[in-house]
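J.: Top line first, the protein sequences correspond to chains A and B.
Note that my numbering has the first sequence beginning at 1, numbered continuously upward.
Note that my numbering has the second sequence beginning at 1, numbered continuously upward.
These aren't lab readings, by the way, just hints derived from the structure by calculation.
Cβ coordinates follow ideal geometry from the N, Cα and C atoms, glycine included.
Hints are supplied without guarantee of correctness; some may be wrong.
Footprint (simulated), chain B over chain A, 3 or more residues, beta carbon under 8 Å [said to hold, decoys possible]:
#1 53 to 67
#2 79 to 87
#3 186 to 194
#4 205 to 214
Rough simulated footprint, nothing fancy, chain A against chain B, three-plus residues with beta-carbon under 8 Å [to be verified]:
#5 176 to 190
#6 225 to 239
Straight-line C-alpha distance at most 27 Å; calculated BS3-like pairs for lysine-lysine [claimed, not checked]:
#7 K114/A / K64/A
#8 K447/B / K19/A
#9 K223/A / K19/A
#10 K18/A / K233/A
#11 K19/A / K251/A
#12 K75/A / K64/A
#13 K105/A / K115/A
#14 K132/B / K18/A
#15 K432/B / K251/A
The chain contents come next:
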Amino acid sequence: MSSEPAIEFHDLSVSYHKKPVLWGVDLQIPRGSLVGIYGPNGAGKSTLLKAALALLPLQSGYVKILGRDVREGTKQCGYIPQRESIDWDFPVTVRDVVMMGRYGKLGMFRRPRKKDRQVVNDSIERLGLSPYADRQIANLSGGQQQRTFLARALAQDCEIYLMDEPFSAVDAATERVIVELLQEWQAAGKTILVVDHDLESAQRYFHTLLFLNMRVVAYGPTKEVFTPENLHKTYGGRLTIMSEVAEEVAKS
Amino acid sequence: MIACRKLCWIAAGSFLLITASAHSARIGEITKTHIGEQALRFITLRDPSVVMALIGSLMIGLNCGLLGCYMVVRRVSLIGDTIGHAVLPGVCLGYLFAGYRAPIPIFIGAVLAGVAGSYLLEAISSTTRIPKDAAMGIVLSSFFGIGITMLTYIQRQPGGNKSGLNQFLFGQSAAFSAADLYLMGFVTILVLATLTLLHKELVVLSFDSSYAATLGIPAQLIHYIQMTCVAFAIVVGIQAVGVVLVSAMLITPAATAYLLRDRMTSMLAMSALIGCVAGVLGTFISFLATGLPTGPFIVLVATFLFLPTYLFAPRHGVLTRWWRQRLSRRRTERENTLKAIYHILELEGFVTDQVGLLELAQYRREPEDVARARLTDLGRIGYATLHADRVVLSPSGYQRACEIVRNHRLWELYLVNRAQMASDHVHEDAEKIEHVLSHEYIHQLEKTLKYPRMDPHGKPIPGWEDMDRVGPPEDFGSGPQSDGLTRIYQEPFKGGST
């Protein structure tokens, strides 16, 4: 059982409106990994996370979570979406959002119990949000907003965490809190995938890196992956033929 | 386009109202007693038809108010409008099938037409590049056109009991039958049960549908259940409000509550309450003059509740926001005057605690009467007293002046030391920030900057202990600024640290 990788992508291809975004991704991410995912805009970073959450139809290949089909595995995954995808005017408070982390465990029709409220309180406390717990989420700073979604993931208490750009628009204090939490989760044997764009933090925060540009450019220990050659392959030399062909496929 | 047609219908409706009232006016004096009598009949609930109208419109207001909340927060409010118009051909089909205004066939026909309309909407927007709002316009108008054609056809048919079919256009709660009420009761129970049982699923789905899917919530199924409830609520709602205006009952109460409430549960409660009030009051008003359609009145009551909210809601109201901005602008102006007075005192080496009116006007480069108005304003809130054209700051005024100057200089120092900004670039920024820094931030800044005494331009920063009395701060005169005094005095807006 424990020999199964946390996440396995097998020959995964994904398209949006017929336009390929990911081509033939083969990856096995062992349990307890903390992986930073880097690549230019449109490289398919968010798409890879969404594929691991069964939020997208796959064109080919499969994804397995803890050795099981992706659809059964999503309950084991805590997802922190990109902040642009959130409707900040929605009438919910910090506490409401964090409580959503418990809904998967509660199951349909059930109301939150005392234990759930306790977990939610602890998560809010852990991320220093107690003074803001009853605020509507638009009345928070960028860092507090990001921490709200971290608290939700914490309250969810799962094996795998998938984070989409958690470091964008946050203050230094929040960045520190996120990094602490990442380390804590890794120490507890959880698997974490983090999409990021700041190459400077790549070497500081992650022991394992994944360079992505429509396909896997490089995956492995940071020291081996973070080379000028790989950086060039990922960011510099645009894969002109590949993206042109992708356009053609979309038009056909 | 949609709004345009709606306006036409409202215009047509008001024309009907006017002709109706013109007709009743001909009866003369009797109209007056009529209204009083009608009001009494309504309030005493003497008449069973009043009780039925009341219960019916309460249920409709409740259903629409609750379901509308999810539509408004999900930004799909106009789907309600589309379904509302799309049910009309179904209503006519149900009538043709039964041969009279039979509740059950009409209900079934309307639901089928509504469902067909929403499927067509999905089909058009998912198979072509036509955006959803345009697809809604197409479905809404074509279904409504078919409905009106059928209605006209039915009315031209000889014989048969055609009474009441017209009422589906603008609604008539006085025409509720017992069977209508049973149907409404059934829908209300269904809506309440669905919203109670699926409350947390509906909230998380509306808020963040991808996340909800990862939690294993059957998003598609719940969406269909929700849309079925909406279709049911619309179909029974058209009895009171009519197909033309039923979407207003889904949108207006919910939008009002959206401006007033910050949590989904309290938004739902408030929207339901507004829906009920609108339903009952609208029914009451239309009852006063027998035979008038209820829909427009119900919708108008909801709109009258929306208007003051739009203007005066505590946080999101337009006038409230304007008033708040005005207050903060006036406070900023006041604080700038205080700051100028402090600067003049500082330039003169704190030898006196008075500043002349002319001095201030000259320093701020303003006409004398503007300066006088500013000082009178300061006097009104107890920050200063103006006597014989000389102004003396009160203790609270002096303290506030010190605070503003301190905020300004601390912020400049912070920008220069911590943000590595050039010292001649920080003034403009500090001019804004000085008015909004809270005590909490000031303590943090002081700590970060290790309790500084001098700003980047060598001017002393007033400390907490300097604020009790008018006088130079501890380090006054020890910095390199003494030189520049006259220069800054002559060019108050070009010096970095004014």
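J.: If a hint holds in the structure, say so; if it doesn't, say that too.
T.: Right, here's what the structure says about each hint:
1. 53 to 67: holds (count 3)
2. 79 to 87: holds (count 5)
3. 186 to 194: violated (count 0)
4. 205 to 214: violated (count 0)
5. 176 to 190: violated (count 0)
6. 225 to 239: As far as the segment 225 to 239 of chain B goes, the hint is violated, because 0 residues have Cβ atoms under 8 Å from chain A.
7. K114/A / K64/A: Measuring from Cα to Cα gives roughly 34 Å; hence the hint is violated.
8. K447/B / K19/A: Distance ~55 Å between K447/B and K19/A Cα, so the pair is violated.
9. K223/A / K19/A: violated (33 Å)
10. K18/A / K233/A: Holds, at roughly 25 Å.
11. K19/A / K251/A: The given pair, whose Cα atoms are some 8 Å apart, holds under the 27 Å limit.
12. K75/A / K64/A: holds (13 Å)
13. K105/A / K115/A: holds (12 Å)
14. K132/B / K18/A: It holds: about 20 Å lies between the C-alpha atoms, which stays within 27 Å.
15. K432/B / K251/A: Between K432/B and K251/A the Cα gap is close to 52 Å, so the pair fails against 27 Å, i.e. violated.
Violated hints for the displayed structure, listed by number in ascending order: 3, 4, 5, 6, 7, 8, 9, 15.
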